[in-house]
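Student: Residue numbers (numbering that gives the first Met the number 0), protein chains in the order written: chain A, 0 to 94; chain B, 0 to 94; chain C, 0 to 94; chain D, 0 to 94; chain E, 0 to 94; chain F, 0 to 94; chain G, 0 to 94.
These aren't lab readings, by the way, just hints derived from the structure by calculation. It cannot be assumed that every hint is accurate.
30 Å max Cα-Cα, derived DSS-like pairs, lysine-lysine [as the list claims (entries may be wrong)]:
1. F/K68 x E/K12
2. F/K75 x G/K68
3. F/K68 x G/K75
Everything numeric in this text was worked out from a predicted model, so none of it was measured.
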Amino acid sequence: MLIRPLGERVVVKATPTEERTKSGIVLPDTAKEKPQEGEVIAVGSGRLLETGQRVPIDLKVGDKILFSKYAGNEVKIDDVEYLIMREADILGVIE
Amino acid sequence: MLIRPLGERVVVKATPTEERTKSGIVLPDTAKEKPQEGEVIAVGSGRLLETGQRVPIDLKVGDKILFSKYAGNEVKIDDVEYLIMREADILGVIE
Amino acid sequence: MLIRPLGERVVVKATPTEERTKSGIVLPDTAKEKPQEGEVIAVGSGRLLETGQRVPIDLKVGDKILFSKYAGNEVKIDDVEYLIMREADILGVIE
Amino acid sequence: MLIRPLGERVVVKATPTEERTKSGIVLPDTAKEKPQEGEVIAVGSGRLLETGQRVPIDLKVGDKILFSKYAGNEVKIDDVEYLIMREADILGVIE
Amino acid sequence: MLIRPLGERVVVKATPTEERTKSGIVLPDTAKEKPQEGEVIAVGSGRLLETGQRVPIDLKVGDKILFSKYAGNEVKIDDVEYLIMREADILGVIE
Amino acid sequence: MLIRPLGERVVVKATPTEERTKSGIVLPDTAKEKPQEGEVIAVGSGRLLETGQRVPIDLKVGDKILFSKYAGNEVKIDDVEYLIMREADILGVIE
Amino acid sequence: MLIRPLGERVVVKATPTEERTKSGIVLPDTAKEKPQEGEVIAVGSGRLLETGQRVPIDLKVGDKILFSKYAGNEVKIDDVEYLIMREADILGVIE
């Protein structure tokens, strides 16, 4: 099952981050901050300008990205969690 | 009885979601979250740009969609509940 | 006495809705929710775009419509109550 | 003494409304709601669009109008009270 | 010393208003409302539209104007108080 | 060390104002209001319109200006305090 | 590992500021204000205007900049902290 995001939206799979406290203890899931890193799974057709021009999203499937904490809506497809966010919530691409 | 949504609006029939707790108990209706999945029943004529151009909605009747929780206005037609929401509240199409 | 609504406004006569509780009791007026259904009585000249173009309202007198609860301003003309609302507050047309 | 309203503004003289309770008692001034009906006294040159085009106000002196409660700024000229409001605060014209 | 207001701004000298209560008592300054009447002292070059067009202010030096209470910023030049406000805060011209 | 302000920003050196109470006492710094007068030290390249046109700032280095209280961000360069503010926060030029 | 900021965003490395109290004591990290000075590490492709035109960012890698306190999102790449902020949050360039 696939999701086709609409317009300026992007489907992102958040990268789980392994967090350790300074003493080396791995924190259980609820104590960790939400991840800020992820991978682009699907991109929409792009933002529509008031002139009617559609601007392609400046990202491609597989890009490793950084995004604002709490950006996007969480959806669960086939028991896997994804985020659908706007391109504007994506800060940059890790290269 | 049919509804013709105006402009950038879409009529959606929410898909009831069967929810079970981890121990397998089916939750009664009031304990479930509102559904985030639905089917497109009717689409409006599209968003009107400031240039006067009308942009057709990028969805068709029968599309299975994901939408933001609490998006749209609930209406009841012939005892069936629908949601009328803006295209911008629709996150993506399940394919 | 007639009202000519300005610009993107529409004059609507709300349709009273007969509400019954599950046990069949008709609720008195103060206990009912405001109606969400109505009939178009008059339409304005349409929305003015920033280009100066006037976009005719996509409704005609006599259309049965659905509108957001609490949309519009109530006015009383010859002891009859009307609502003057913006086209954007109208969700769809019942056909 | 006359007021020339600027741009998209309109000078309105509110029509006092005689209010009676159901038992026929005329309410003193402080118990009445502010009037929603008035007469156009003067109109501005119209709204200026971002294109530089000036759109004449769709009202003329003498028009009987309906306006949103509390719309406009009250001014007193020669001991007479007027309201200066934007064209957008005027709901419709009574014909 | 003169002030040249920038863009869509106007320098206004508020007209002191002599206020009497119904019994004829002149109210001391702190009990009076801020004046709503003034005289135009200087006008800016006008509002800049997104097209790059500059729209001259529809007022000239010496115009008697009405303005929203509390509009503008108070400045004191050579011990005289002025208000610098936007053209949009000016309701109309007294003619 | 110089600051080149970006876009529609202006670097301003606030003019200290000597304040005396009515009895002639000079107030210490903490009791004075923030200054509203200053001198332009540097101007940016101007505001960018949506058309892509850059509009030069209507000020030059050395201009004595009036600005809104609390406008701008304070920066300290070589132990001297400056304000970097938007052209829109500047009310007028003293001539 | 590099970050390519999207659109109107800029990657900035904040310059640590050595702060001393008046008595000469160096303040530990938690007592200092967040730095307002930094260096440009990477720039995005620029802001997209509604006309579809992309406006290059008026900064280059290596520029020493001043930015609003708390501007941007903090990210940590290879244990180094960066800020990803919008060009509009950057006040000026130190030359």
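Student: Starting from F/K68, check that the Cα of G/K75 is at most 30 Å away, please.
Tutor: Judged against 30 Å, a Cα distance of about 37 Å means the pair is violated.
Student: Would the pair F/K75 and G/K68 pass a check requiring their Cα atoms to be no farther apart than 30 Å?
Tutor: Holds. F/K75 to G/K68 sits at ~13 Å (cutoff 30 Å).
Student: Keeping to a limit of 30 Å between CA atoms, is the pair of F/K68 and E/K12 held or broken?
Tutor: holds, 20 Å
In summary, the one numbered hint that this structure violates is 3.
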